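Student: Below, each chain spelled out in residue letters.
2 protein chains.
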Amino acid sequence: MNIPRTSFPRIVIIGGGFAGVALAKKLSKQEVQVVLMDKHNYHTFQPLLYQVSTGGLEPDSIAYPIRKILKDFPNFYFRLASVEEIDTKKNKVRTNIGDLKFDYLVVASGSKTNFFGNTEIEKHSMAMKTIPQSLNLRSLILENFEDALLTSDLNERNALMNFVIVGGGPTGVELAGALAEIKKGILPKDYPDLDTRSAQIHIVQSGDCILKGMSAKASQKAEDFLEKLGVHVWKNVRVTNYDGKMVTTDSDLTFETSTVVWAAGVKGATIKGLDAEDFITRGNRIMVNEFNQVKGFEHIFAIGDIACMATDEHPYGFPMMAQPAIQQGDQLGDNLLKIIEEKPLKPFVYKDKGAMATIGRNKAVVDLKNWKFQGVFAWYVWMFVHLFFLIGFRNRMVVFVNWVYNYVRFDREARLIIRPFKRN
Amino acid sequence: MNIPRTSFPRIVIIGGGFAGVALAKKLSKQEVQVVLMDKHNYHTFQPLLYQVSTGGLEPDSIAYPIRKILKDFPNFYFRLASVEEIDTKKNKVRTNIGDLKFDYLVVASGSKTNFFGNTEIEKHSMAMKTIPQSLNLRSLILENFEDALLTSDLNERNALMNFVIVGGGPTGVELAGALAEIKKGILPKDYPDLDTRSAQIHIVQSGDCILKGMSAKASQKAEDFLEKLGVHVWKNVRVTNYDGKMVTTDSDLTFETSTVVWAAGVKGATIKGLDAEDFITRGNRIMVNEFNQVKGFEHIFAIGDIACMATDEHPYGFPMMAQPAIQQGDQLGDNLLKIIEEKPLKPFVYKDKGAMATIGRNKAVVDLKNWKFQGVFAWYVWMFVHLFFLIGFRNRMVVFVNWVYNYVRFDREARLIIRPFKRN
Numbered sequence: 006m007n008i009p010r011t012s013f014p015r016i017v018i019i020g021g022g023f024a025g026v027a028l029a030k031k032l033s034k035q036e037v038q039v040v041l042m043d044k045h046n047y048h049t050f051q052p053l054l055y056q057v058s059t060g061g062l063e064p065d066s067i068a069y070p071i072r073k074i075l076k077d078f079p080n081f082y083f084r085l086a087s088v089e090e091i092d093t094k095k096n097k098v099r100t101n102i103g104d105l106k107f108d109y110l111v112v113a114s115g116s117k118t119n120f121f122g123n124t125e126i127e128k129h130s131m132a133m134k135t136i137p138q139s140l141n142l143r144s145l146i147l148e149n150f151e152d153a154l155l156t157s158d159l160n161e162r163n164a165l166m167n168f169v170i171v172g173g174g175p176t177g178v179e180l181a182g183a184l185a186e187i188k189k190g191i192l193p194k195d196y197p198d199l200d201t202r203s204a205q206i207h208i209v210q211s212g213d214c215i216l217k218g219m220s221a222k223a224s225q226k227a228e229d230f231l232e233k234l235g236v237h238v239w240k241n242v243r244v245t246n247y248d249g250k251m252v253t254t255d256s257d258l259t260f261e262t263s264t265v266v267w268a269a270g271v272k273g274a275t276i277k278g279l280d281a282e283d284f285i286t287r288g289n290r291i292m293v294n295e296f297n298q299v300k301g302f303e304h305i306f307a308i309g310d311i312a313c314m315a316t317d318e319h320p321y322g323f324p325m326m327a328q329p330a331i332q333q334g335d336q337l338g339d340n341l342l343k344i345i346e347e348k349p350l351k352p353f354v355y356k357d358k359g360a361m362a363t364i365g366r367n368k369a370v371v372d373l374k375n376w377k378f379q380g381v382f383a384w385y386v387w388m389f390v391h392l393f394f395l396i397g398f399r400n401r402m403v404v405f406v407n408w409v410y411n412y413v414r415f416d417r418e419a420r421l422i423i424r425p426f427k428r429n
Numbered sequence: 006m007n008i009p010r011t012s013f014p015r016i017v018i019i020g021g022g023f024a025g026v027a028l029a030k031k032l033s034k035q036e037v038q039v040v041l042m043d044k045h046n047y048h049t050f051q052p053l054l055y056q057v058s059t060g061g062l063e064p065d066s067i068a069y070p071i072r073k074i075l076k077d078f079p080n081f082y083f084r085l086a087s088v089e090e091i092d093t094k095k096n097k098v099r100t101n102i103g104d105l106k107f108d109y110l111v112v113a114s115g116s117k118t119n120f121f122g123n124t125e126i127e128k129h130s131m132a133m134k135t136i137p138q139s140l141n142l143r144s145l146i147l148e149n150f151e152d153a154l155l156t157s158d159l160n161e162r163n164a165l166m167n168f169v170i171v172g173g174g175p176t177g178v179e180l181a182g183a184l185a186e187i188k189k190g191i192l193p194k195d196y197p198d199l200d201t202r203s204a205q206i207h208i209v210q211s212g213d214c215i216l217k218g219m220s221a222k223a224s225q226k227a228e229d230f231l232e233k234l235g236v237h238v239w240k241n242v243r244v245t246n247y248d249g250k251m252v253t254t255d256s257d258l259t260f261e262t263s264t265v266v267w268a269a270g271v272k273g274a275t276i277k278g279l280d281a282e283d284f285i286t287r288g289n290r291i292m293v294n295e296f297n298q299v300k301g302f303e304h305i306f307a308i309g310d311i312a313c314m315a316t317d318e319h320p321y322g323f324p325m326m327a328q329p330a331i332q333q334g335d336q337l338g339d340n341l342l343k344i345i346e347e348k349p350l351k352p353f354v355y356k357d358k359g360a361m362a363t364i365g366r367n368k369a370v371v372d373l374k375n376w377k378f379q380g381v382f383a384w385y386v387w388m389f390v391h392l393f394f395l396i397g398f399r400n401r402m403v404v405f406v407n408w409v410y411n412y413v414r415f416d417r418e419a420r421l422i423i424r425p426f427k428r429n
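Going down the list, the sequences are from chains A and C.
When we follow the numbering used here, the leftmost residue of the first sequence carries the number 6, and every step to the right adds one.
When we follow the numbering used here, the leftmost residue of the second sequence carries the number 6, and every step to the right adds one.
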């Protein structure tokens, strides 16, 4: 990879997610050379992917060109690349576009969907971790309704209109709520010649509550909201298989459906060279110390979802969400400069700013440290926070316009099958 | 296709473009059953496709769900279908989702890119008639610059940064202008480690002027604007081949390039059953009389790009643009009702509302019947007219936000490689 060597130390960052971008910004005006690599040329605002899948937002409004984030930074290089291996002995990364030496390496490769080894589920169900995946789901949902019009077989029609979401975390809950609103507000108008009342939305959750990471109050209220919207919430049920037609579970419960969304878990997106047992812990995450250093190295770090920093309060690492990623990226920026200046490092302390999830129109739950609230106000707070954390003024404006329009008109206009999924 | 027969006559419309949608709207509150079929579930605002290709607009803001256009109309059916054959004897259409009988048939299938039989050009060059095609071009342009960074071969790098647009009509001119602005305003910031000044944009035009359908003044001014933006305009040069690396022409001129956009012509998107020589004329269009009736039929019609209505002023049919399509759809709506009520038909008269093209920031040309003007004011008129004709309030708002942002910030933020084209 032809990146010139300068007198500045070279920091290679793998991944332009929340963690990688926060770190890059912190290093912007420092005497270091930074090379950021990502498989995509854009940063994805993952918390809003479910709105892309359900036609509420266009994909381009939750993506932001990484080169634009870095454009005013001197000594910055972006490369569109897949990292294939990390050579910790020779201090270089091997990518699909060539090798690159590093002085410091930061792995911020994030997480991917965890199918827990079930290849049949992986083959037949939909994931929602990237924009292309979310667009595939959008196409599939719409294609299903178009197909439901064509069949006279009642079972087949119902299977096309049944949606099974596996996993009751924020992704599953938010997607289920959005689908329920589409069922109520859009389907009867778009498909007057189809009995869309028989469409069903199911959440299947292996644990005994939804939104497990949040307060009992939030969890209960979210469940109430979902039930009010007509979503079926199944708790203490574990999905055992899905063959493309039938979902089986560890109970008597089965679902005939054409659409399973797998939101039951994520795992670290490990990279060869740092994927040996020595480095990896629960959930495929790389163990790091309080400075985000990978075991055995002083110059190799991991931050964000891929990193597992075990603390007393979080023995299995911090939740795989935006906040810990941003905070770790931020802090590591400071620490890298301290290392270069040979100053002592500052350990990472996670500031839990709370959690929130939206279920639908005027329906959200928010857990702050000292204040937990639900309903209309929580919904406004949810929107404000998401607008605030979106990168880019244009994105904020476009998302705002869409949200106002969708709210006033009970609508979601991006119900477009731009690239068909089934007919592909 | 399970669409119930009612006592109303059934009108089948093939195609949800400008013509088909205008017709459908006209029939909305009448005592007819209307079935509209399209390969996509959305209407595409084709005049702005070049802005999608160049990252100025998100695709979803120039698309509009067809079901939503029809949602308040009783007796309306939409089917996502490809029509495979028209059986004029049995009065039915054969589609990929089954057959359907019609009482009246309206072919509004539009046009597609015309490669004039050159399969090598067709294989290697990019077209820009649909949203997926425009997104492919967007990805390709961006991927080329990412790849240009990686090569040390100067010829290869230049080929990656050279863009050859074949055809000097509105599409070619508007795309060239947008690329020139990207070269000037965005590339130097996004690719500080690449000498983007050597990027070249060429328009190759077989005739002796660009914007052939417009006034000599508009054509000349557009050429001046393009030259000011650094676009190379080649007139009286005909492209003879492109093998993926080299463009050859009927002169000594050749271009080494990775990207050829073919905007040199369109032809009618004919359908089996109405594609015999009896029906077809120049440009693969279906000959129609002044009521848009296809020769030999009283109940089969063609409107828009696919229809060729020869008049004294337009011996080869009206230009293949939005205006004639909208006007024909509109008028045919009235005439269909007249046929059903057994009243005499009204012949179609084309009201030429003029033509316009934008070249770049503050640079457009407008030809009205009695007034031809160019420059800043023309640019405002161009924007206003395009906003006005866009379907949907949300689309207008989002496009407006983008245009204001792009204007103020000299930017185009949708430079996203959502689905890679080359690496696919």
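It should be emphasised that the hints constitute simulated quantities derived from the structure, not laboratory data.
Bear in mind the structure is a predicted one, so any value in this text is a computation, not a measurement.
Backbone N, C-alpha and C fix where the C-beta goes; we use that ideal spot for every residue, glycine too.
Please note: incorrect hints may appear among the correct ones.
Unchecked claim - Which residues of chain C face chain A? A few of them, derived with a C-beta cut under 10 Å, are:
| no. | residue |
| --- | --- |
| 1 | Tyr47 |
| 2 | Tyr69 |
| 3 | Leu75 |
| 4 | Asp77 |
| 5 | Met131 |
| 6 | Lys134 |
| 7 | Pro137 |
| 8 | Asp195 |
| 9 | Lys217 |
| 10 | Leu373 |
| 11 | Asn400 |
| 12 | Phe415 |
| 13 | Asp416 |
| 14 | Glu418 |
Said to hold, decoys possible - Not everything, but these chain C residues come out facing chain A in the computed CB check (under 10 Å):
| no. | residue |
| --- | --- |
| 15 | Thr124 |
| 16 | Arg399 |
| 17 | Met402 |
Student: Against each hint, give a clear statement of whether it holds in the structure.
Tutor: Results of checking the hints against the structure:
1. Here the hint on Tyr47 (chain C) is kept, as its CB sits about 5 Å from the closest CB of chain A, short of 10 Å.
2. Here the hint on Tyr69 (chain C) is kept, as its CB sits about 7 Å from the closest CB of chain A, short of 10 Å.
3. Restraint check, Leu75 (chain C) versus chain A: the minimum CB separation of about 9 Å is within 10 Å; hint holds.
4. The interface hint given for Asp77 (chain C) holds, since its Cβ lies 8 Å from the closest Cβ of chain A, which is under the 10 Å cut-off.
5. At its closest, the beta carbon of Met131 (chain C) sits 16 Å from a beta carbon of chain A; the interface hint therefore is violated under the 10 Å criterion.
6. Interface hint status for Lys134 (chain C): violated, as the beta-carbon distance to the closest one in chain A is roughly 14 Å, over 10 Å.
7. Against a cut-off of 10 Å between C-beta atoms, the interface hint on Pro137 (chain C) holds, since the closest Cβ of chain A lies about 6 Å away.
8. A least Cβ separation of about 4 Å between Asp195 (chain C) and chain A falls short of the 10 Å threshold, and the interface hint therefore holds.
9. The interface hint given for Lys217 (chain C) is violated, since its Cβ lies 32 Å from the closest Cβ of chain A, which is over the 10 Å cut-off.
10. The criterion of a C-beta within 10 Å of any C-beta in chain A is not met by Leu373 (chain C), whose closest approach is roughly 32 Å, and the hint is violated.
11. The closest approach between the C-beta of Asn400 (chain C) and any C-beta of chain A is roughly 7 Å, which is under the 10 Å cut-off, so the hint is satisfied.
12. Hint status for Phe415 (chain C): violated, given a least beta-carbon distance of 12 Å to chain A, over 10 Å.
13. With a least beta-carbon distance of about 8 Å to chain A, the hint placing Asp416 (chain C) at the interface is held under the 10 Å criterion.
14. Given the 10 Å rule on beta carbons, the hint for Glu418 (chain C) holds: about 5 Å separates it from the nearest Cβ of chain A.
15. Because the closest C-beta pair between Thr124 (chain C) and chain A is about 24 Å apart, greater than 10 Å, the hint is violated.
16. The criterion of a C-beta within 10 Å of any C-beta in chain A is met by Arg399 (chain C), whose closest approach is roughly 5 Å, and the hint holds.
17. Interface hint at Met402 (chain C): satisfied, since its Cβ lies 5 Å from the closest Cβ of chain A, which is below the 10 Å cut-off.
Against the hints set out earlier in the document, violations occur for numbers 5, 6, 9, 10, 12 and 15.
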